[in-house]
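Asker: Same order as they appear, the protein sequences are chains A and B. When you line the first sequence up against this note's numbering, it's residues 8 to 610, in that order. When you line the second sequence up against this note's numbering, it's residues 252 to 599, in that order.
Everything labelled a hint here was simulated from the structure, so no lab data went into it. One thing to keep in mind: the hints can contain errors.
Just a few of them, taken from the derived set where beta-carbon distance is under 10 Å, the chain B residues facing chain A [claimed, not checked]:
no.	residue
1	Ala-303
2	Glu-307
3	Arg-310
4	Lys-322
5	His-332
6	Ile-334
7	Ser-343
8	Gln-349
9	Leu-355
10	Arg-379
11	Asn-383
12	Ala-540
13	Val-584
14	Pro-587
15	Phe-594
Every residue gets a Cβ at the ideal spot worked out from N, C-alpha and C, and that includes glycine.
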Amino acid sequence: MPKVNDFTLKIATVNGTGSASANALLMKSIFRMGVPVMGKNYFPSNIQGLPTWYEIRVTDPGHLTRAGQVHFMVAMNAETFAKDQAELAPGGYLFYDSTWPRHREITRDDITVIGVPLAEMINHHFVEPRTRILMKNVAYVGALAALLDLDLDIIEQLLKETFGEKKAKLVEPNMEAVHIGYDYAKKHYDCPLPLHVKKADMTKGHVIVDGNTTAALGAMLAGANVAAWYPITPSTSVMDAFTSFCAKHRHDEDGTPQYKIIQAEDELAACGMVLGAGWMGARAFTATSGPGISLMNEFVSFGYYTEIPAVIFDIQRVGPSTGMPTRTQQSDINECAYAGHGDTRHICLYPADPREAFDFSIKSFDLAERFQTPVFMVSDLDIGMNEWMVPELKWDESYQPDRGKVLSAEDLDKLEGRYGRYQDPDRDGIPQRTLPGVHPKGAYFTRGSGHSEHATYTEDAAEYQRVLDRLRRKFDTAKDHIPAPYIDYARSKPVKAGIISLGSCDLAVKEARHNLKGKGTEFDYCRIRAFPFTDHIRRFIDEHDTIFVIEQNRDAQLKCMLQAELDADAKKLVSILHYNGLPIASMHIESTITDYCQEAEAC
Amino acid sequence: MSFMTKPKIHHPNLPKNKLGLTTRDYEGGMSTLCAGCGHDSITAGLIEAVWALDIEPFRVAKMSGIGCSSKTPAYFLREAHGINAVHGRMPSIATGAQAANPELHFIGVSGDGDSLNIGFGQFAHAIRRDVNMLYIIENNGVYGLTKGQFSASADVGSKAKYGQVNENPPIDPVLTAITLGCGFVARGFSGDKEQLIPLIQAGLKHNGFALIDVISPCVAFNDHQGSSKSYAHTREFFHPAIHTDFIPPREEIKVEYEKGRAMPIELHDGSTIVLRKIDVDHEPTNRAAAIGYLERHREAQEIVTGLLYVNSEEHEEGGRKLPARSLTGVDGVGDPVGVLEAFQGGCR
């Protein structure tokens, strides 16, 4: 049952009313009170007028993930009132705007109902129509502050920081709205409720960030200097953030920009621009989502065969087309790993949270240049657009960009004989690269599949196959350079069953594992962090009788890849799938595993 | 075959440019195109033009898409990096490459199918962005490598080799480019090298996107009676509107031009394009007039050639060209720890 510092709050509003800022204010004030907090935004593909939800989990045990239960519902949207009420856990609280009494609509007797006439009070106090809409949301923040015992000084401080000096005069009316809600709740309800927030000291050394911003920051610090993109939710904020970081930090002393950002006419063109820049020697990247990757496929193949470095951030979402683009999924796992025509396979990195998105963003550029190939950083909407509490980002001061095997003018001067672009001098599958305009000896004509080791045109069967086989060797070499999987064994005794998962499933898996252990069953855990799959993963599968493969798509894409890439025994692999557009919840994992184990007696 | 190395023969009497190089130093591999293909004449024109401009071959980047035309960068400037991209998408590769290193010279070679069918979008957007490159369309009205289908530049009523008649109106790259704001738009004919070479030189020196649409007959699939892109048809309807001379920087302009018939246009590097009107009707620096002129002659089915529209000022005044330098080194930021701390200060 929910208790102090351990409960979930969900706010149902209408988008375009300013509720996102009110919700962010709530989340951050809990963070500043020193209590671990998760915030997730479930927003529509729309600018104004459709239902939107924000879920805040206050969690001193540190489970910064969706549990799958709601204990306090702020039901501000008449359209979804019935559904929101139904979602509440027994014993929970239903908060609503009692300006419009809903006695007949309140059907449950196992919950506590809290009515606050927000609209009435706000309309009485403020005149301007838009202000009334915005302040109604600020007023529920105030009411919640009273009910949940949030610190008003922190809220005021956050408002000051948000508005800054330029809009400082907005702080006062906002605080008035806060007090309107606060005072009413204090007067009419027994505050705080049994479920509330108590100051603690558990958020030091942490920050609240989203993964698109951290990916962009990583890209800038890794020295990325050419970016091309086409706007697509949920990846757009990667380029927005990159643009603003560069505008702040990437200029010569005379003010000349040291970067170029091009908004392309479509994703295929964006990918072409990135390859053109990569071929020329810049660190170039694009950010997109599944539909964009589909368009880029032709160029991704081309980049693979011509061996041009490129970084592609894929912020996964539901697709195709309209309806669900603002909902999360892990449904591009196959698409990224094998994007393109012909025999292609690509290095993929799977961050689990914004902090890892930062680290992997930097890593992507080094891998792309080391292996002269397109590299995918496969993130998702949950990581990319939600605000996560994560340990502070760290900069490795010893970091040096790995530019891979690039021959300089001096190297080419000294070179005896002919330069061969696609030879394998070090027997690791990685050829030596030259950049245009550097030295006449380095010149070659870059072409798709039909090239010899000297980059000349060929239709010779053996010559072609040699290039293809070397590309495979190169991919295998990458296993030693990509992030190894995170593996955590049960401490007490060897166990029969393990869990394999990836990306943003991580915290939900960890919570489920924790809860299952509490009920007496332990599971080993392997989180895959990159493709190609390494021997660690093969060993992990071999060590267990049953492997639960947990991922957020319908077709068990990761499981299929484990079978195809590692020849894993299909009978061993049990899929746990989640694909409704919301981030996976720990309860779903826990109950699925429990049910399976009871039935199969496998654990 | 194109992978055959052309023998390098030393001719002691060949003229040398300022770098001490002969045109032979600007050649590439052996052409694998059909004997008599117009594209090979354009390749020869490119070799002469770049040689005469005293450009070091390795300071050029050659870009192409897919098709017969797009094979040709392998046949010139063997010391230059080249990229044979995917069909219709060379402009995006060129855009990215040019963004990364604007210090090089960019030559794009495309075809009518590559630029006007599959790549029409990228072609238009590269013009819109004013990518600083010479962009040649080797225009023959048909797909050669897939054996003779019509392209988007085929004229209505034009007959294919086996009798099919084209019913769709053509896309004219010259008119398209002018309406999209291109500052250098020319048309040439592969059979007229004398006209073509100064156009190539001027296009390479133009600061911005320079388009040359070169009618380049396909001897295998489109050189028959009934085709409007055959050698015979092109010669019959060839209508040079303007004569172009290219004069490198600091060379004195010796010829005196009859007033109203000739105009020198100075380019950003001090070189000069001198336009001599053959047709007094034509106003090559007036966009609306140029479009009107082209429309009138299109109705008469004439193939108007020369530097048809030029505007070298707009780009420099418009401030679109930022100081351009290479981005091929990795520039991080001076103080990553400080940047990270400043950012995280706002995240607590």
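Asker: Decide, hint by hint, whether the structure agrees.
Answerer: These are the hints, each one checked on the structure:
no.: 1; hint: Ala-303; verdict: 19 Å, violated
no.: 2; hint: Glu-307; verdict: 8 Å, holds
no.: 3; hint: Arg-310; verdict: 5 Å, holds
no.: 4; hint: Lys-322; verdict: 8 Å, holds
no.: 5; hint: His-332; verdict: 4 Å, holds
no.: 6; hint: Ile-334; verdict: 4 Å, holds
no.: 7; hint: Ser-343; verdict: 3 Å, holds
no.: 8; hint: Gln-349; verdict: 8 Å, holds
no.: 9; hint: Leu-355; verdict: 5 Å, holds
no.: 10; hint: Arg-379; verdict: 9 Å, holds
no.: 11; hint: Asn-383; verdict: 13 Å, violated
no.: 12; hint: Ala-540; verdict: 30 Å, violated
no.: 13; hint: Val-584; verdict: 5 Å, holds
no.: 14; hint: Pro-587; verdict: 5 Å, holds
no.: 15; hint: Phe-594; verdict: 6 Å, holds
In the structure shown, a violation is registered for the earlier hints numbered 1, 11, 12, in ascending order.
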